[in-house]
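Novice: This is what each chain is made of:
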Amino acid sequence: MAGLSFYLVVGAASPAQAMHIMEGFLPVGWAIFWWVLSLPFFVLGVKSLTQITRENPELKLLLALAGAFSFVLSALKIPSVTGSCSHPTGTGLGAVLFGPSVMAVLGSLVLVFQAVLLAHGGITTLGANAFSMAIVGPWIAYGIYRLCLKQRQQKLGIFLAATLGSLATYIVTSIQLALAFPAATGGVLASFIKFAGIFALTQLPLSISEGLLTVLVWNWLQSY
Amino acid sequence: MSPESELLSFKNVEYTYPCSQHPAVQNLTLKIPKHQRCAVIGRNGCGKTTLFRLANGLYRPQRGIIEWQGKPLNYDRKSLNQLRQKVGLVFQNPEQQLVATTVEEDISYGLCNLGLPESEIAQRVQQTLLDFDLLNLADAPINYLSLGQKKRVSIADVMVLQPQLLLLDEPTAYLDPKQVQNFRQTLEKVYSRGTTILLATHNLDFVEAWADWVFVMDSGEIVLEGTPETVFSQSQQIQELGLGVPLIVTALNAIQDELTLNQLTPLSAEQLQKIRQRIRQL
Amino acid sequence: MSPESELLSFKNVEYTYPCSQHPAVQNLTLKIPKHQRCAVIGRNGCGKTTLFRLANGLYRPQRGIIEWQGKPLNYDRKSLNQLRQKVGLVFQNPEQQLVATTVEEDISYGLCNLGLPESEIAQRVQQTLLDFDLLNLADAPINYLSLGQKKRVSIADVMVLQPQLLLLDEPTAYLDPKQVQNFRQTLEKVYSRGTTILLATHNLDFVEAWADWVFVMDSGEIVLEGTPETVFSQSQQIQELGLGVPLIVTALNAIQDELTLNQLTPLSAEQLQKIRQRIRQL
Amino acid sequence: MHHQIDSLAHTNRLRYLPPEHKLLFGITLFGLSWAASSPLQFLITVWIAIWIVIYARIPASVYLKLQAIPFGFWLTSVPALALGGVWLSDVQLVQTDIFWGVTLGNLFIYISQQGLQQIAVLLTRSLVLTSCMYFILLTVPFVEIVRILNKIGCPSLITELLTLMYRFIFLLTETASELLTAQQARIGYCNWKTGIRSVGIVVSQLLQRTLENYRQISLGLTSRGFTGELKVWYIRRYKPNFRYSAEAICGCFLLFVNIGWHYVTRI
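Chains as they are written, first to last, in this note's numbering: chain A, 50 to 273; chain B, 1333 to 1614; chain C, 1333 to 1614; chain D, 1141 to 1407.
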């Protein structure tokens, strides 16, 4: 496709920053486990969406656009505070705008497209990735946002929702990897510390960048 | 042409998009003469947009050399920033170029990126607003501007950086005749300040009336260049490229034919020139 | 004009957008004659797009009446669906109308909405692919088509429903001369099948050469209508509206003036007509 | 890289094989590869590479770049899997697992044998399973996957959302890349501060375009008689190929026998 700027070059250029568990990384038992765990959330989301779209079919367009929007967002490179570049997850903004149950569906579909168009993530690991990115991340972001809203701290809420939502995604990913690959000594906990350590190096600054970015976007939305 | 009079030159440049099998431009050789009104014509997909993006350093050619005033381009960040100040690029669709919320903010975007002191930014933005007749729109939100106004802002955005070469991609599309006329006045102002202009367009009559020099592109190469008179006199070649001939050329030819057919004296070259002048003034 | 020969008529129609203070069209009265090539010209923002969307039943006028073959429009879902089969609307930007993944699927979309039997869908899609020279693109993904191809698909999308009136908003913008020529052939095919066409454009030369009937819009009203000859002969009024005159009209006037100035006999009306014909054929 | 997979899926040489066949083949391989031993996994990886590069004519350079993605992810996990650390006093507990180690103050850092085994197993498994995935992604266009989902009874809401999202992703990508290019032309990415500001602008502009697109597209659909569902019609133009089917079936059969034998002998 002509006209695609090299700014959108993703994937192969930065394999070290891939944010999803790649295809084939999880042993068969764990892959199935996460699928089974994510499925009820997904099914509930689909049920409530079917209800909503039956009354208002045009909402399908809005949902599809929102999904496409968060896909494009996740393919965008954002300058990280450490100077490197990485990709935002967009879960925070999505959860605040659409609510976490809708995000369970949209997030999963976005993951499908990331696998299909960008080879990020995979099919057997879709369950695990959906659990971290489309379920846990949005729920945490949403919860934090609500909590801050009660304290009348909307801006802070947006920042924390995006930062912690994105961070939660990586922590869950670390847990998933740790469960699949417990260390010989210290077991899951030791393994978790190792994986989380590696992710923290790259993801902590990124999560902060994403928080800042989301606040910028939010400010703009308010002024519009 | 002496090398000093060339602003930007391409030598056998080839560029292929990442996802494509065929090069978008290949064997592209051209010299943009200083302080001229230049136009590129060619079918959609012939590589005009790629040419512009190469000239602005947005793409890096896989083969060949691009030179600015005789020096090959460097692709480190600093040189690119300098190049982009000298070569301003106005995009086809103003919607996709305007980034800020108000006109003033949008014009200041490029200056702020340069990290200039605030007083200078203020002064240059003011001057540009004045030059492009945008003073009363300074605070207007971009979303509520008309297309013609957006186009004007998108040119002001680039001109505030005081480039030596201004590239315009398809600037008259979707403009109504009055807006096209205003656009021409804007362009004349830019030109009179010593800026070289290169624009791509499908509007052959505009090219015929405005340009000093015309490049014809086909499948990523320059296949013909010259003054509008010489280029459009090659009507057969132009037709074969799927470009058509400016209506005015067709019209004058038809008249000559009709006169000859009726055994009347055809118009002299001098008379034709006079008629052409007259039409352009309208 | 007898009422039977009117396809769609507007009587004192007014429409204001929800968030706007000024009506986009007001006091709009026009009759679209059956089986004619009609064109609407006017400056950007004069209400052309609103007119089209009113004609397609997408907007409901706040005042005035719109009639289809003498009967006022109903705005219940069933009548609207019927209206939209009879009045096909092609948007300015094809991206906003194409929704499916492949060309074939996209063309079938409107037919599937009608709930036609599969055999009829198959037959009509095949015929449309053939008519619009899209057979070899049937299975091609929409996303990878060029703009000209997308434009062709968006017309095919609408024509597959066999509308009696085809509305086209700014169909030639961004097309190159060859694509414009192809588009004219497509249009001729549509017209020859008995479809009435109404298009909005800024390309006055296109209007001059193609249209049977021209509407001139300004600030939401029709201010002038007639054959291209009559409309464009009102050059002063047209100029005041900021529209300019087709180049060919200007050219012929300039020639007449030049001939008179040189004390030669000006061309006769008959000769002018011949010249015009000749130019249009090119 | 962006959308390259998709454009190859539309142009590859196996495009006109029935998508069900390709999908079935891919899924069978998924199952077999999971059960296979490491050497066999490597063999399957090579076999799929032949299908992709030679039969489907996907450029080898592109395929290698795609394979670099799982490889890169694997590389980043190597330290986490291989390295272990214990207090010096606990070294005895891990004695059997130590491949090599150093003492750092009170800490003993070592390379774990179990970790090394995991790394080896993980490498062949992730390579073979990604190969299976790539076979499906590179030879079956997305639209055909959606059609199959539709046929096997996936809720229509999901298939409609997938279809619409697919279309809109291209629309918004185009807009985003135009905006980014325009900003670059105006020196919008010369340092971190301007960079984050510029990306912020792109995101908010993109959001605004998304909403604007929503209005226009819903008008566009309404004018074409939108009934609340996205139904379309298409012709099947596929031709099964005997030679390819034969190779796929025989290969899978041999793999099945081999793996089955392996498990039987272990019992």
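If you are wondering where the hints come from, they were derived from the structure by calculation, not from laboratory data. Treat each hint with caution, since some may be false.
[Stated by the list, open to error] Straight-line alpha carbon distances no greater than 27 angstroms define the calculated BS3-like cross-link-like pairs of lysine-lysine that follow:
| # | chain 1 | residue 1 | chain 2 | residue 2 |
| --- | --- | --- | --- | --- |
| 1 | C | 1343 | C | 1418 |
| 2 | C | 1403 | B | 1482 |
| 3 | D | 1291 | A | 204 |
| 4 | B | 1403 | B | 1482 |
| 5 | C | 1403 | C | 1418 |
| 6 | C | 1403 | C | 1366 |
| 7 | B | 1410 | D | 1379 |
| 8 | C | 1482 | D | 1333 |
| 9 | D | 1333 | A | 96 |
| 10 | D | 1333 | C | 1418 |
| 11 | C | 1510 | B | 1510 |
| 12 | D | 1291 | D | 1205 |
| 13 | B | 1403 | B | 1363 |
| 14 | B | 1521 | B | 1366 |
| 15 | B | 1521 | B | 1510 |
| 16 | C | 1366 | B | 1606 |
| 17 | A | 96 | D | 1371 |
| 18 | C | 1410 | D | 1371 |
| 19 | D | 1333 | B | 1418 |
| 20 | B | 1521 | B | 1482 |
| 21 | B | 1366 | B | 1343 |
| 22 | C | 1343 | C | 1410 |
| 23 | C | 1482 | C | 1418 |
| 24 | C | 1403 | C | 1482 |
| 25 | B | 1418 | B | 1343 |
Keep in mind the model is a prediction, meaning the values are calculated, not measured.
Novice: Can you list which hints this structure breaks, lowest number first?
Specialist: Violated hints (numbers, rising): 2, 3, 4, 7, 8, 9, 10, 12, 16 and 24; every other hint is consistent with the structure.
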